[in-house]
Amino acid sequence: MTSSLTIIEQQTAINHNRIERGLLLLAGFFLSVNFLGLALLQDTNIGHWLHFVTWLGCAVSGHLILNRYLPRRDPLLFPVVMLLSGWGLILIDRLAPIFADRQTVWLIISLVALLITAIFPQVLRWLRIYRYILLISGLILLISTILLGRNPSGFGPELWLGIGNIFFQPSEALKIMLVAFLASYLSEQYLSLRADNKMSRFAGRFAWLSPRIVGPIVLMWSLCVVILLWQQDLGTALIFFAVFLILLYVATGKTFIILSGIGLTIMAAFVAYQRFSVVRLRIDIWLNPWLEADGRAYQIVQSLMAFGAGGIFGQGVGQGSPDYIPVVHSDFALSAVAEEWGLLGVITVIVCIALLVTRGLRIAAAHQERPFYGLLAAGLSSLIGIQSLLIMGGVLKLVPLTGVTLPYLSYGGSSLLMSFVLAGLLLRLSAEVRST
Amino acid sequence: MTDFTREINRLLFGLLSALLLVTIAAAYWGISGTEGILQREDNPRLVEDEAAIRRGSIYDRNATLLVQSVLTDTGQLKREYLYPEAYSALGYFSLRYGTGGAEAAYDALLRGDTLPINWGTVFERDFLHRPQMGSDIRLTLDIQVQRELVAAMGSHRGAGVIISVPQGEVLAMASLPTYNPNTLNANWETLIEAPGNPFFNRVLQGQYQPGGLLQTPLMATLLLSSNPLTTLTADANQPVILEKTRLTCAIEPPQNDLDFIQAYAYGCPRPFGLLANQLDEATIQNIFAAFRLAQPMTLPGFVAQLPPTVLPEATPEITPEATNNSSLAQALGQGRQTVNPLNMVGIAAAMLNAGNMPIPVALLASRAPMATDWQLAPTMGSSTPILTEAIAQQLRDLMLANVQQGAAEKAHMPGMNMGGHTALAYSGEGIQAWFIGFVTLDNGQGVAIAIVLEDTDDVTQVARIGGIALSAAYDALNTPPQE
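Sequences listed follow chains P and R, in order.
Under the numbering used here, think of the first position of the first sequence as 1, with each following residue one higher.
Under the numbering used here, think of the first position of the second sequence as 1, with each following residue one higher.
It is possible that some hints are incorrect.
Claimed, not checked - Simulated DEER-style distance windows between Cβ atoms:
#	chain 1	residue 1	chain 2	residue 2	range
1	P	49	R	120	49 to 55 Å
2	P	327	R	75	24 to 30 Å
3	P	151	R	96	31 to 37 Å
4	R	77	P	61	23 to 29 Å
5	R	5	P	19	22 to 28 Å
6	P	274	R	9	48 to 54 Å
7	P	211	R	35	33 to 39 Å
8	P	46	R	190	25 to 31 Å
9	R	75	P	140	32 to 38 Å
10	R	13	P	8	28 to 34 Å
11	R	113	P	65	56 to 62 Å
12	R	68	P	296	38 to 44 Å
13	R	32	P	9	36 to 42 Å
I should point out that these hints are in silico values taken from the structure, not numbers from a laboratory.
Glycine residues also receive a C-beta, built at the ideal position from the N, C-alpha and C atoms.
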């Protein structure tokens, strides 16, 4: 019996290996065609090929190492992450070539971080055990950013910590730290949180007043307000709060948490609109960008024009004009995709994000016996989903624009590194499902 | 153990629904919402697309290259205008300021908008992003005639137009002062403020009073009514006073008493004033209508759509002091009826064309990108009758005589059968000198001209310019172009 199970598991691992290899080949083909197109268009530049070869090296070595040390992982996560990050490299090569070398280096560092996170099982254990150290570290990072924060460009929100020319955005690490902390905290409270559901009708009605629920809500809400007040980082604050609500909902199974969270968000947005000019600006522009198409709403209007110019099939790599959008390589990566790869490209990106979210939540659902793993997977998947939705909705004028990156695709070393760590954690969690 | 499958499923449903919403929004902006947003004036892609279009070249009637698009060192396309003398006729193309002149009139052809769309063009344009290519065009202009006309006009301010008869092909068209379209972007602000308004195409947009040029229609009226042209008018050289304006002969005649033929030759208004007193308002309006003077003659599309749209101070304006709407003022060309040089060249051309006024055209042929054969423009050689053949013949003889003796005699060129008429027109404090004329070619066809100078009352100057220009046209059309 045991030997037959091992054979099935081995066969499954081989199949997954084949699927991953096939998908990586597909991603490699897509990227090589686009790198070639870009190289032909912008004179033959050795830099383009160096970046592609680096990506190729990362994909092959990542695949081989994961095969060796994590054979029973989810076969879709790594190819999707590599496709998006390679696509991001093309975008940066095309739109901000001076940052392309730096992003390529970040890709190598990120892959190493992914492999470490995925291969070493201790990482998950540390995240669960040392949750208060995580929380304190996160708070220290936040306070450090408030006190010492800088902006590499010399203007704008000071959300970076830097040594010399190397900058890191602590809020990116903070996202994962908080998800890990909350998953750990809620998993410890899981049985009692769920037990509330089985209380008497009266007790059940007022179960939300339990300090176990209200406590973390107030703590997180306060944290988000601090971020909003001191850093005026609307996007990060929203992501923190949304992911936190989702985790609390998954842990307790109480729908009213989501509803009250939405209510709190609307209330906070109303107050923020009254009090903070940056919020007011974003909401005004969201409601009617056309009045200031040449001024404060220039970015969003140009973004919508990029979608229009791209149409269904896009202008082709290097042949559109997404560079009319300021900082297109960072916040508006999807708009660049829309203009040069068209609606088909945008749908591909959305499908990739949907795949990451779906696979992540599937991993979460498979960890019913280990609430920490389940909540961690759900939190990380939601993090990708919420962050992507915020920025994609922002560049499409569905929601007010928040300056967050599109995971894996946008330029930004910290973002890429933490997104890879997140993927590494999901890979590890997927492998844990198999060994359960 | 309670599981959280339900919560995970709901969460998945919520996130996937939101992603679907994003997809729908992307589809909206990428497909349905495209038209409105891409056509906005603040879309910089429009300028970029426009800049990428390889406009066709412009040639003269003998396939001499006049305008071409050249690639600069920075990889951008630049329009190059090769002949300064043709600037005012060719107009301008500017990404910033639009088009004018021939560039505006044949913009669709030059951009390639008129070319048929098939799978090949769709593939090249939408998939390979090849730049849109426009057709080459061949104008009816003859660069040699154009150069001679502009050279003869020198530093004068005014307009001149030459057409072939009976085809109505515009051989030359000059409006002075003009501008250099090669440096338009750099000088635009200066040019729109410049005295004399160089953007104003005087041939087409000018609103000149015809003055003594209306003597030709009046002579036609006399001939139609069988009145003798030899009736003498005493003191015919005396001026006609129209309120504050004193209308004189174009040049001083040799004697005081003149018949209509002599008055016509010397451009003296008095006999025609006396004739006009016998005409009623309706008759005078009929004369204007018969000679197609009621509306300005146009070459479709030639007038720039962009500023300046106001009348420049250099162009004669009708002022209350100088004009009134009486029958006398109207008949002497000093009423509110104004004309442009294209109106007047039609009258001269009708004399050579059995009383039929050719409809002017400026486009000879076009050639699709990469093609070798020219396709002739469809609307050539039409005309509209304004006189009987007999009257036209008599008027032609009178104009031929004018060049032998009279105010137009400076136009005379030995060996050429040339006719003409000079006149003065008055507007405000300015006086304009007019010349209309023609020369017959060896093949029985001919060339007609109309010139107006705004800065002189010396009709001998305008006649001399007319003679030189007609001579150049004669040489050009009588000598077949070398292939």
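Consistency of the hints with the structure:
{"no.": "1", "hint": "P/49 to R/120: 49 to 55 Å", "result": "violated (33 Å)"}
{"no.": "2", "hint": "P/327 to R/75: 24 to 30 Å", "result": "holds (25 Å)"}
{"no.": "3", "hint": "P/151 to R/96: 31 to 37 Å", "result": "holds (36 Å)"}
{"no.": "4", "hint": "R/77 to P/61: 23 to 29 Å", "result": "violated (47 Å)"}
{"no.": "5", "hint": "R/5 to P/19: 22 to 28 Å", "result": "holds (25 Å)"}
{"no.": "6", "hint": "P/274 to R/9: 48 to 54 Å", "result": "violated (38 Å)"}
{"no.": "7", "hint": "P/211 to R/35: 33 to 39 Å", "result": "violated (57 Å)"}
{"no.": "8", "hint": "P/46 to R/190: 25 to 31 Å", "result": "violated (48 Å)"}
{"no.": "9", "hint": "R/75 to P/140: 32 to 38 Å", "result": "violated (52 Å)"}
{"no.": "10", "hint": "R/13 to P/8: 28 to 34 Å", "result": "holds (31 Å)"}
{"no.": "11", "hint": "R/113 to P/65: 56 to 62 Å", "result": "holds (58 Å)"}
{"no.": "12", "hint": "R/68 to P/296: 38 to 44 Å", "result": "holds (43 Å)"}
{"no.": "13", "hint": "R/32 to P/9: 36 to 42 Å", "result": "violated (50 Å)"}
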